[in-house]
Amino acid sequence: MKLNKESKELLVFSAIIAAAIGIFLAFYFGLAGLKVFIGIIVAAIPFYIFLNTLGLDEGEKIVLSLVLGITLFPSFVYLLGFFVSFRMSIAIVFIALTAISVLWSYRKFRKS
Amino acid sequence: MKLNKNYIQTSIFIAVYLFAIYFWTQPLQDRKLPYGEYDAMSHFEVADYIAYNDKSFSELPAYIDLRYGTDNKYKPHTLWYPPTFHSSLAVAEAVGGERVVPIFLMNTILATFIIITVYFVINSLFGFLPAILSALLLIFSPRDFMPYLWGQWPERFAYAFVPLILYFFYKYFISYSKEDKKPTYLYITVLLLGINILVHPLVFFHSLIALAVLYILLSIKQKKIVFNVKHISIAAIIFIALFMLFPNQTFNIFAQFSRDSAGNGQSSLDFSRLLHWSLNPKDYEGSVPASYFSFGEMHGLWTMPLLLIGMAFLLWRGEERDILLLAWLIGLYLVLHRDLAGKATFLHRSLSASAHIFAPLTAIGAIYIASAIKLPSNFNKYLKYGIAGLFIFLVFSVNMAYASKILNKNAYNDFLSTLSMEQYKAAEWILQNANPQYNVSVVGIPHQQNILPATAKKIRWSAAVSQHVSRFYLLALAEDKKEAERRLKNDYIMLDYTMLGHIGDKETFDKMQEMEKNQLTNYTLIYNQNNIRVYKLEAQ
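Protein sequence lines correspond, in order, to chains A and B. Per the numbering used here, the first sequence starts with residue -1, numbered consecutively. Per the numbering used here, the second sequence starts with residue 7, numbered consecutively.
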């Protein structure tokens, strides 16, 4: 899949912003602060992929994927945490949600 | 890459938001120790227990159950809130690899999320300038950061959902009138409502009332009823699925609700309150400072005329997007006067949502002044930026100056109530080395009547960090010798000498020395660092 110019620009801009936030958090809160930020972004990614198929504005997708990443993602982790270790369930939930989102996107892409 | 306007605006917002994170985390930045009132301890305890022990739990551990065991009326001795909020903090701790910084940083991000959602909604509907001014004003809202400091953590985050819920429902309603209906927006609205109830039930009702007002006002404005059985059925399924995610906690809402209805006789019906926005500070003496109820101190008196202009402007113009803000305002007014319908519980907490709608109204009022004055061609633009500049100056010189008196690096840097680094280390040692089935009796933390309310918090923080039931062991407890003996025999005995020198309590110091000499001779000294000692009577 080839990225268009607009998407490339957005990607570069997002990377610059993410780097700025990462540096800020690392400066004030050390490695822990940086890891928390990376965790938030990682948890939001599967939701962003899913929301990307719903015809929402860019801002709507970003805000919603952040909200879902810090609420639904940990809720699923908590539920799975009764059966496997909490840390392990973070990884499993991330993989599962990403897989579902990618498959959903692929299905939508093929349909269109 | 050519910089477009959106990127510049987003960069400015990110800078403002990072400043908010800096400003709100000041008590954490240097000390990196846990702080806050009892509510803060409970939220820290739940999240930390999950992350530290690397497992989810349903039955409360003893040190949490001691205080919160009966808060869940539907299923006692389990979590009293759905674990959504706490799991978020727990994931942060697990990922961050530390106990204090990740939880407190994540909580700050969640508590300041209202700045993100207000910016997003106002930017989408009214443009960048009112959005960024609203975001800036919200950073210094004491009605937001005071409850955050006190520990009403989930509630702070839950308020971030109100503008989002209204926005997505607005998008659904507006799109419904066109050929291309977008039910996705309704499903997102309900998804957010469902998550809202998982984060904090009180705020869920707030969102629901504001949503009802928005629906009624938009129906009147557009002279149509939006009702689609298929859309509503799917939305209902989404909501029920979320509600049933944690039934032991969500059903507690009904139990709490019926209890409140049965036993709530605290307020006499005072209809004159309908003319007031705020509450009577005298009704909250001892628990909430009087300043919390003052418009001038919480928002800055300079915002009052702009707020009124903003409201008047929206009423006069009456576009659909204006109705969204007015519905938000009316919804909050109704929630703030629910005592007149017999629901007075946590009324003052709803007041903490004032700035979320006042800030955008104030910013819109300021921007409107510029457009209302008739000037030749480009001058209106200059006037708009001039007023925005003055707005920013007032925010920093009035609101930030006031906020900095409450929220600064010394907030909760309290010798009496917050753990010192030595005490934190001792509590962590207990966590890592002491058998969890035994309690901890602490000697040496001052407990005279005048300072007990403060030092009791220190003991609770110690319990939170050590994940053990920790209590004062009163040397003067001669009247209940049996209990004293039982605790001496079973508990870990922690002698904390770190505070006595500062308050010049030689009498307690001597008694503790005597205790070590006479009562603890057969005990094993298992921890001895930084003037804190821990003894345990070995099993015979």
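Treat the hints as calculated values from the structure; they're not laboratory data. From a predicted model like this one, the values you see are computed outputs, not experimental measurements. Beta carbons: idealized from backbone N, C-alpha and C, even for Gly. Heads up, some of the hints might be wrong.
Said to hold, decoys possible - Coverage of chain B stretches by chain A, computed from C-beta distances (three or more under 8 Å per stretch; other residues unrestricted):
| # | stretch |
| --- | --- |
| 1 | 17 to 30 |
| 2 | 93 to 101 |
| 3 | 113 to 127 |
Next on the checklist: Run through the hints listed earlier and report the numbers of any the structure violates, in increasing order.
Outcome noted: Per hint list: zero violations.
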